[in-house]
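Keeping their order, the protein sequence lines are chains A, B, C and D.
Residue 70 is where the first sequence starts when you use my numbering, and the numbers rise one by one after that.
Residue 53 is where the second sequence starts when you use my numbering, and the numbers rise one by one after that.
Residue 36 is where the third sequence starts when you use my numbering, and the numbers rise one by one after that.
Residue 458 is where the fourth sequence starts when you use my numbering, and the numbers rise one by one after that.
Just so you know, these hints were derived from the structure itself, not from any lab.
No residue lacks a Cβ here, since even glycine has one placed at the ideal position from N, Cα and C.
A few of these clues could be false.
[Stated by the list, open to error] Simulated coverage check for chain C against chain B, where a stretch passes if three residues somewhere in it have a Cβ under 8 Å from a Cβ of chain B: (1) 48-55; (2) 66-72; (3) 98-105; (4) 157-164.
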Amino acid sequence: MTIENPIFVTSDQIFVLLRHWALSFLPAAWQTIAGVLLSVAAIVCIFPALFALTTVFERKGLGRIQNRLGPNRVGPFGLLQPIADGIKSLTKEDIVPLSADAAVHFLAPVVLVVAVFMGFAVLPMGRNMALVDMDAGLLFYFAMGTSTELAVFMAGWSSRNKYSLLGAMRAVAQMISYEVVLLLSSVTVVMMAGSLSLTKIVEAQNHYSFGFPHWYIFTPWGCAGFVMYAIAATAETNRSPFDLPEGESELVAGYHTEYSGFKFALFFLGEYLAMFSISGLGTTLFLGGWSAPFLFLTWVPSWFWFFSKLMLSIFVFIWLRGTLPRLRQDQLMNFAWKFVLPMCLLNLFVAGIWRFLGDGWLRWMVCSAILIVAYAGMGWGEMRRGKIGPRSYRYAE
Amino acid sequence: MTPLASYLLVAALLFAIGLAGALTRRNAILVLIGIELMLNAANLNLIAFWRYGPHPELLTGMMFAIFSIAVAAAEAAVGLGLVIQIHRHAKTTDLDAMNRMKG
Amino acid sequence: MSFVFYMLAALSVTGALAAVLLKNTVHCALALTVAFAGLALLFLDLDAQFAGFAQILVYIGAVAILVVFAILLTKGSETPKDGVFSRTWLVGLVIAAGVFAVLGWAVIGSIRVLPQEKAVPTVTVLQIGNALVGRYVLPLEIVAVLLTAAMVGAVIVAMHEKEGEK
Amino acid sequence: MLGEGILKGLTETAKNFFGSYFSAERLTTVEYPEQRIAPFEATRVFPFLVYDAENRDGGGPEWEAGLRCVACQICEKECPPKCIYIEKSKDKKLDYLGKAQYYPARFDIDISVCMSCQICVEVCPFEAIKMDTKFELSTTDRFGGLLLDREQLAKSNEYYHQIHSAEATAVDAKLAIEKTKFDAKAKVAAATAIAKAAAVAGEGA
């Protein structure tokens, strides 16, 4: 089936066509604003729905990883669990501590969710399916991503609670540290694609040779960049093993200790939406966005590929959460500044070499060799000095 | 379309507010906040002049603003580091209380 | 489009006023963030997309966070008993008002020669990048050195002195 | 090499993830209200009072007459959270040994306070208080519902055998020995008493 086939075009562009059809009922003057509102409404509906599904799949997946069954009571296979959870959190009493700063306490979850939602605006979720195709899309995404740090700080500070404040400070320190890694690992992609526009980045990867796609993850620098991006993304979304801001064994629940009911649900939503958007960005940057994994699969609609890659990344998040124990604060910081950041800078250098060596096997050899030698050498050094690596417990055994 | 003069007036107002904050507040951090506001007002001027200037394609004002943002970040980092060090030394950030040259 | 401008101007001026007037230092820092956001939106209103996003990234993402960190590290969030304004606040206010008067007079006075309207300039990020590593490469390098020096300096200034070294 | 351990861990969890769909033995949990795990020998939840159905002295219902408890109040004193309340009776009745003893006129345990430490069981010299295995004790009444009185606490020795058979058998054996000793002593005492009575009678004559 070719790209020009009408059936393919209809299935691929179904959401775009639906939007056009809905807008055709409106007078021309209103169409621009109504179109934006419609797209925003779609994002605001789809991702929370995905969030609801993810919560139950996460709990089931974690259960299976620990040889348990997971939730299976509410509805068939426990699939209606999120509805029960939603009703519970919406009907719960909303408690604001007496000494809390009520206005800031209220604003924090709102700012968080709004900032996270803004990030979705530039993600291309399919062919012609980005809400705004901004020239500085990646910069916009990171600008919105940093705004969540402030929301986390507001939440922790306004609660007037030691645990909240400690959790917030940890979260902010961690997010700033890994933000650097996130940015620097994405810069390699920008160097190659030559654009900050996410649609252009996807188009730059949407080529095939021998039936295989030209995704950036299939290059030495892209693979290293993706691994570092994944590490930074996990830390950025405060997911296990980097979940010390809300480490329940030491900080009760971190910055959302004093939140209950609907506001807690908003925080929960914000956390998962951040996970979706950061996975979406990772997909766009390294995994070819909406492009199909093989040439013979290009007949499948582009949005299907985007969302499958997104869910695959979410699965990896859950898998990591089920496997790795939580880091200590000093290990976290050492890892970010003394290992991942130097590797990131080296990767930028390698990407430059890749660009200027031109086509051929030479650049594969040189770039892979530099990266592997650096990784092995630095890893060996860090492990020898005991900065990272297997933990030893002085009083155990 | 808004005329250039209104942007310049807003920038002047922000600059004056920042200056007033820097001159009247006791807390050293608040003084830094005032200075940040003044820098931002200057940035607004630069961007506005770039937008309405004769050669926007040369990007002079925009570049000036971008460099100014970078310099302001450095200034904030060093300034706040100094404030923290002063607090450690004098146990206060009140500028009125810091009136001795001997430590 | 003027309406958008007035809204944004009001937002940034309110934020700035709150930042210098509020009693609680953390509230001041949060109000400062509002002013920064208003300014970033003003940049976008001026079609300077790159500068606007850089403003959000640097000011809201880094400077504001730095300020709140400094406030918490200096226990500055408690309101002092003897007022938040300096003893010489009147002098400061007069100076600021004088500066505003001069600036405002200069702007109002030259309102005839200032351009009223201008076609929207199309500037892509690619152009900015080319300018940065072309015409403005020397300033870029100097800023890089400055940032490194500032980082090292800030770390050294804020670092705890070791007991033995005193 | 750095990261080896992480990969090893990821394989292990992946094995668990897929394995749990194929082999039911992997699943470590049961679906509780429908499926239950049989209690272990050492399972213990809250204390109960043992009574012997054979002991019918003092009248009243079977559980009241047969209580082994002699209201010595050691458990009440030893209980760390002080959840036991005992009122001693005014009169005496024969206990399982056939000895006249006081009995508890009131014996309450507040299981909302009890911390299942089993100290009462360990200090009891009369094997009268033991640990139960029943754990589904939730009620809608926070205060009265969790304050168990004598009647609710009293369980027969057969029940004790059911829940902790090995332990109960050992206790029974111990009690049997005590009983024999007591009976022997009683016999000797009775013989001495008879002899003494005879001597007194002889003197008198």
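Taking the hints in turn, this is what the structure says about them:
no.	hint	verdict
1	48-55	holds (count 5)
2	66-72	holds (count 3)
3	98-105	holds (count 5)
4	157-164	holds (count 3)
Hint compliance for this structure: no hint is broken.
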